[in-house]
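Enquirer: Now for the letters of each chain:
Protein chains: 4
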Amino acid sequence: KKRKFEKSRMAKSRYEYVKQFEDADQIPLNVWFVCRIDGRSFHKFTSTHNFQHPNDRNGLDLMNQAAFRVCQEFPDICVSIGMSDEFSFVFRRETKVHKRRRSKIMSSVVSLFSSTYVYLWPKFFPNTELQYAPSFDGRIVCYPTDSNIRDYLSWRQVDCHINNLYNTAFWTLVDKGKMSNRDAEEELRGTDSAMKNELLFGRFGINYNGEDAMFRKGSIIFRKIDDSSSKKNKKKLVVVHEDIIRNKFWTENPGLIPVPI
Amino acid sequence: KKRKFEKSRMAKSRYEYVKQFEDADQIPLNVWFVCRIDGRSFHKFTSTHNFQHPNDRNGLDLMNQAAFRVCQEFPDICVSIGMSDEFSFVFRRETKVHKRRRSKIMSSVVSLFSSTYVYLWPKFFPNTELQYAPSFDGRIVCYPTDSNIRDYLSWRQVDCHINNLYNTAFWTLVDKGKMSNRDAEEELRGTDSAMKNELLFGRFGINYNGEDAMFRKGSIIFRKIDDSSSKKNKKKLVVVHEDIIRNKFWTENPGLIPVPI
Amino acid sequence: KKRKFEKSRMAKSRYEYVKQFEDADQIPLNVWFVCRIDGRSFHKFTSTHNFQHPNDRNGLDLMNQAAFRVCQEFPDICVSIGMSDEFSFVFRRETKVHKRRRSKIMSSVVSLFSSTYVYLWPKFFPNTELQYAPSFDGRIVCYPTDSNIRDYLSWRQVDCHINNLYNTAFWTLVDKGKMSNRDAEEELRGTDSAMKNELLFGRFGINYNGEDAMFRKGSIIFRKIDDSSSKKNKKKLVVVHEDIIRNKFWTENPGLIPVPI
Amino acid sequence: KKRKFEKSRMAKSRYEYVKQFEDADQIPLNVWFVCRIDGRSFHKFTSTHNFQHPNDRNGLDLMNQAAFRVCQEFPDICVSIGMSDEFSFVFRRETKVHKRRRSKIMSSVVSLFSSTYVYLWPKFFPNTELQYAPSFDGRIVCYPTDSNIRDYLSWRQVDCHINNLYNTAFWTLVDKGKMSNRDAEEELRGTDSAMKNELLFGRFGINYNGEDAMFRKGSIIFRKIDDSSSKKNKKKLVVVHEDIIRNKFWTENPGLIPVPI
Ligand SMILES: Nc1nc2c(ncn2[C@H]2C[C@H](O)[C@@H](COP(=O)(O)OP(=O)(O)OP(=O)(O)O)O2)c(=O)[nH]1
Ligand SMILES: Nc1nc2c(ncn2[C@H]2C[C@H](O)[C@@H](COP(=O)(O)OP(=O)(O)OP(=O)(O)O)O2)c(=O)[nH]1
Ligand SMILES: Nc1nc2c(ncn2[C@H]2C[C@H](O)[C@@H](COP(=O)(O)OP(=O)(O)OP(=O)(O)O)O2)c(=O)[nH]1
Ligand SMILES: Nc1nc2c(ncn2[C@H]2C[C@H](O)[C@@H](COP(=O)(O)OP(=O)(O)OP(=O)(O)O)O2)c(=O)[nH]1
Ligand SMILES: O=P(O)(O)OP(=O)(O)OP(=O)(O)O
Ligand SMILES: O=P(O)(O)OP(=O)(O)OP(=O)(O)O
Ligand SMILES: O=P(O)(O)OP(=O)(O)OP(=O)(O)O
Ligand SMILES: O=P(O)(O)OP(=O)(O)OP(=O)(O)O
Ligand SMILES: [Mg+2]
Ligand SMILES: [Mg+2]
Ligand SMILES: [Mg+2]
Ligand SMILES: [Mg+2]
Ligand SMILES: [Mg+2]
Ligand SMILES: [Mg+2]
Ligand SMILES: [Mg+2]
Ligand SMILES: [Mg+2]
Ligand SMILES: [Mg+2]
Ligand SMILES: [Mg+2]
Ligand SMILES: [Mg+2]
Ligand SMILES: [Mg+2]
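Protein chains in written order, with this note's numbering: chain A, 253 to 513; chain B, 253 to 513; chain C, 253 to 513; chain D, 253 to 513.
Fair warning: there could be bad hints in the mix.
No distinction is drawn between identical chains; accordingly, a pair holds when it is met within one copy or between any pair of copies.
Claimed, not checked - Here are the simulated DSS-like cross-link-like pairs (lysine-lysine), alpha carbons at most 30 angstroms apart as the crow flies: (1) LYS271 x LYS469; (2) LYS271 x LYS476; (3) LYS375 x LYS488; (4) LYS348 x LYS296; (5) LYS296 x LYS271; (6) LYS296 x LYS351.
Simulated from the structure, these hints should not be mistaken for laboratory data.
So here's chain A without its partners, still in its complex pose (with noise of 0.2 angstroms):
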C-alpha cells in the first residue's frame, strides 16, 4: 500500500494531534465476551418483507449464513446462536483478534454481518425485492467464568424457547383457530409452558416438540470435529439446531467451553 509507506513522511499536518484522542477501549484480558447484534426495528423490517409468521424459515436462514459469515472470518469466534432477528459470537477468553479493541471487534462484526445479509438477501429472497436496506445494532458483554459464559447461552436459548412457544401458540390462534389478534393475546395471557403446550396439542393436535428445532432451539454455529475428514480433529464450520443448556452439547464438542468436572 503506497499510502502508509508515505504517510508517516507526509502527512503531519498541524491538525494531526486529534488522532490523540481516540481513546484505549481494550476488553479486559482472560474474559469470554459475547458480540451481540440485533435486527434494528425487525417488527418493521419483516412485515415490509411479508415474513412468514411466525418463523420465516427464508429469513433464519439467511440471518444463520451471515452468521456463518462473520463466523468463517473471526477464527476466534468459538461458538454462536441465532434466533430471531439476533445473534450471539462468543469470542475466546484468549482471543488476541484486534488486539482486544472493542470497538474494532464489534463495528467489523456488526458491519460484515449487515453487509453480507444484504449481499444473499437475493439467494434466500429471490422473489422479494429488498425495500430499504436493514440495519442491526451491536454490543459486547464480557463474562469471567466458564459458567457465566454458559449461562449467557442458556438465557438466549431459554428465550429462544420462551418467545417461540408464545408466538407459536398465538399465530396457531389466529391462522388455525381464527381469532383475532386481540383475542389470542387475551387467550394466552397468564397460561404456562404446560398449558400453551396442552392447548397446541389439544385444540389443534400439533405437538410442539415435533416443530422444526431450528424455531424451538435457534441455531448454534460452531467449529465440530469432522470425522469424515481423513485429517485428524479437522475442523469444519457448521450449523445445527440442538440443546445447549444441558452439558451434552459441551461433553460431545470438546474444546470449545470447558465443562465442570
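Model the placement of chains B, C and D with the ligands on the given structure of chain A, informed by the hints.
Expert: This is chains B, C and D with the ligands only, laid out in the frame that chain A set:
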C-alpha cells in the same frame, strides 16, 4: 409488539442475571463526537472490483450515498466528511440519540452504512457484479471544544489533499509517464506539495487545482438552509466539496459549529 | 533506587503476567477535571470531636490547610473550593500530571489530604485528642467547557451558601431560641432564603451577610499574582473567601479560567 | 442528618446539572479485584525517618496495622498481602460494597490507610517525630479467574522474596562486608538466588531461611477460623507470614479462594 408485552412476565429464567453484565457506555456529556468508519481491506476490495485509479467516481458516489443515508437516519449528525474508503460523522454536542450509548450509536452507524453500501451497489456499478460483501470498521472519538472538532475535520481534509496529490502524481507518472510503480514511487520520494504540483503541470500539463473538487476536498454532507424553500430556515441535506478548514464555510452555514469571534 | 535498577533483570517470575491486567485509565485530553473529596461519615466524626455548630473554625482551618498542602504538591491544580467536610480541586485542561492517569491522580490527592489532615490535627486541635483516623472518599469528574467548570464551582459555592444559611438559622433557633432540634426543623420547613434572612434578623438581630465569609462562601485556594514580590508575575498560593460565581474574581485573577468575552 | 433532609428541596440551583457529569465507574460483576496501594517516594520518606536497612520492623508493623484497620473496615476484603511500602487488598468476587463503584472503593481504602498510618505513627515510632505527612497511590485491578487472583498474590510474594534476598545480600555486604554501595551492587550483578544464598552463608554465616518470615514472605492479613472461640466458625482477623503460593495455605483456610480440585 406482542413479545415485548409478555416479556416481563415470561422470560424470567435463572439465566436472566447475565443481562446485568452489560456495561454503561455513555459518551460523556457536552462533547462533540465523531463516528469514523473505514473500509476494511479496501486495497483488495477496490482492486478486485477494478476501481479506477486513483479515484473511482462511482465508488466515491456510492460512499457518499451510503453516508447520506446515515445522515438522514441520524438528524443529530451535524456534518460529515468522506474520502477514499472512509467517512466521519460528527454528532452535535447536545445529542441525546440512543441516550448517548456508545455501542448503540457506533454499531447502528456502521451497520447502516455497510448494508446501504451493498444495497446501492448495483445502482452505481450496474455492470460490475459484487464479488463479496465488504465491511467497515468504526470508532467513536470525543472532542471537548469547538476548536478540537474543527481541527478534526481539518485533519481529515488535509489528509485527503495530501493523499490525493500524491496519488494523482503517482498514477500520472504510471499511466501517462509509462513508469513502473516502483519508479514512480522513487520519483516522488521526498517531494513536497509544491514539487508535486510542479511535476504534474510541468511534465503533463495538469493543473492540480483543476482536478475534481470531490477528489481534492473530499465530500461534505450537512443540512444547508434551503433558500429555494418557501418555509424559512427549512434545511436540506446536501453533499458539497468545499474547503472546511477556513472559517468561510462555517460562517456561511451557521448553526453547525460556532465560529470563534 | 537500587531495587528499580535490578528489577527488570530479577523479578521475572511466571506470575509477572498479572501486571498486564492493569487498565489504561487516562483522563480524556483537553478537559477540565475536578477531584472532589468528602469526609466519610463526618456527621459522626464532627460530633465525636465536639465540633462547634454549625461551623467549627478550627475544623475548617484544618481542612483548608490540608487542601493547601495538596495544592502545593500539585502545581496543575488551578483553583480549589472547600466547605464543610469537602474540597474540590480543579486541574487545568492541559495538565500532564501522572500522564493524566485517573487512579494515580485521584489516589494521590485523597491520600495526601487524609494523611495531612491527621498530621496537622494537633496544630488545630491542641486540646482535643484525635479519637480515630478519619477518611475521605474521592472522585474525578470531567468538564469539557470553560462554562461547565465555572458552573461546577458555582454549584459548590451556591450549595455552601444554601446549607450554611439553613444551618445558621437552625442552630440559632436551637441555641439562642432554645428550641428543640425538631421544632427548629419544623420552623424552617418550606422557608426560602429571604425568610431565613428575615428570621435571623427579625428575631435575633443577626445580619446573615455579616457572618464570616469563610462560612458563607467557602474557601478558595489558588495562585495569586504577588504584587509585593519584586519578581514580576510571581505567584503565591492563597486562601480567600470570595464570590467566584460572578466574573469579577476571574477577571481580577487572569490565567485561571478564561472569562467569556 | 438535617442537611440531607432539606437538600432535595433546597439545593436546586441552575448549576445542579453538573452533577450529571459524574460517570458510572462500576467494577465488572463477578471478578476478583485488588486494591493495591504503594507509598509515594518512600525512598525519601524512609531515609528521612532513618528506617533500618533493609527492613525496619517498626515501619513494617505500622504498615500492617494500617492495613489491619482497612481490613476491619471492609469485611469483603478476603485476603491482603503487604511488604515494603505497599499493600494489596483482595476483594471477594461477589462484593457489593459501595455498589462496586471503583472510585469510592479505591479512594476510601487509600484514604483510610493513609490517615491511619499517620494516626498510628507515634505508637510505632515513639522517639521519631514525623517530619511530614506521607502519601500513597492506589489502583484497582480486576482478575476474572481464581487462578488469576492466586497468581496475583503469588506475584507479590515472589517479588517480596526476590527483593528481600537482594536487599539482604546488598546490605550485608555494605554493613558487615564494609563495602561501598557501588561495590556491593557490582558484586551482586548477575547473581541468581542460589548465589546470593551462598554468598550470605559462605561469607557471613547467614542462613537466609532463618531470616524473619515477615521479611521473606511479607504479611498476610485474613479472617481465620478462631478455634479458641466457643462459637463455631467464628472468624478473627489475623496477620501471618506464611507461604501463599502453594495450595497448603488455601486448603487450610477454606472460604478464601477456592483451591482447584
Ligand atoms: N414474521 C416474522 N417476524 C420476525 C421473524 N423474526 C423476527 N421477527 C420480528 C418479530 C419481532 O417483531 C422482531 C424482533 O423483535 P425485537 O425485540 O428485536 O424488536 P425490533 O427489531 O422490532 O426492535 P429493536 O430495534 O430491536 O428494538 O422481528 C420471523 O421469522 N418472522
Ligand atoms: N483504485 C482506487 N482505490 C481506492 C479508492 N478509494 C480507496 N481506495 C483504496 C486505496 C487504499 O488501498 C484503500 C484505502 O486505504 P486504507 O488505509 O483504508 O487501507 P485498507 O482499507 O486496505 O486497509 P484497512 O483495513 O483500512 O487497514 O482503498 C478509489 O477511488 N480507487
Ligand atoms: N458541627 C459541625 N459539623 C460539621 C462541620 N462541617 C461538617 N460537619 C458535618 C455536618 C454533616 O453532618 C457532615 C457533612 O455532611 P455529609 O453529607 O458529607 O455527610 P457525612 O460525611 O456524614 O456522610 P458521607 O460519608 O459523606 O456520606 O459533616 C462543622 O464545621 N461543624
Ligand atoms: N530502609 C528501608 N527502606 C524501605 C523499607 N521499606 C521500603 N523502603 C523503601 C525502599 C524503596 O526505596 C522504597 C519502596 O520502593 P518503591 O518502588 O515503592 O519506590 P518509591 O516509594 O521511592 O517511589 P514510588 O513513588 O513508589 O514510585 O521504600 C524499609 O523497611 N526500610
Ligand atoms: O433485548 P435487548 O438486550 O436488545 O434489550 P432491549 O430491551 O432491546 O434494550 P436495548 O437494545 O436498548 O439495550
Ligand atoms: O487511519 P486509521 O485511524 O484507521 O489508522 P490505522 O493506521 O488504520 O489504525 P487502526 O485502524 O488500527 O486504528
Ligand atoms: O454530595 P455527593 O456528591 O457526595 O453525593 P452523595 O449523595 O454523598 O452520593 P455519593 O457520595 O454516594 O456519590
Ligand atoms: O510497582 P508498580 O506497579 O507501582 O509499578 P511502577 O513501576 O511503580 O509504575 P506505576 O506506579 O507508575 O504504575
Ligand atoms: Mg435491543
Ligand atoms: Mg430487533
Ligand atoms: Mg430481537
Ligand atoms: Mg484503520
Ligand atoms: Mg480501509
Ligand atoms: Mg482508509
Ligand atoms: Mg457523598
Ligand atoms: Mg461527608
Ligand atoms: Mg460533605
Ligand atoms: Mg508505582
Ligand atoms: Mg513506593
Ligand atoms: Mg513500593
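Enquirer: All hints are to be evaluated individually against the structure, with a verdict given for each.
Expert: For each hint, the structure was consulted:
no., hint, result
1, LYS271 x LYS469, "between (45 angstroms within a copy, 20 angstroms between copies)"
2, LYS271 x LYS476, "between (42 angstroms within a copy, 28 angstroms between copies)"
3, LYS375 x LYS488, "within (23 angstroms within a copy, 37 angstroms between copies)"
4, LYS348 x LYS296, "between (38 angstroms within a copy, 23 angstroms between copies)"
5, LYS296 x LYS271, "between (39 angstroms within a copy, 25 angstroms between copies)"
6, LYS296 x LYS351, "between (37 angstroms within a copy, 22 angstroms between copies)"
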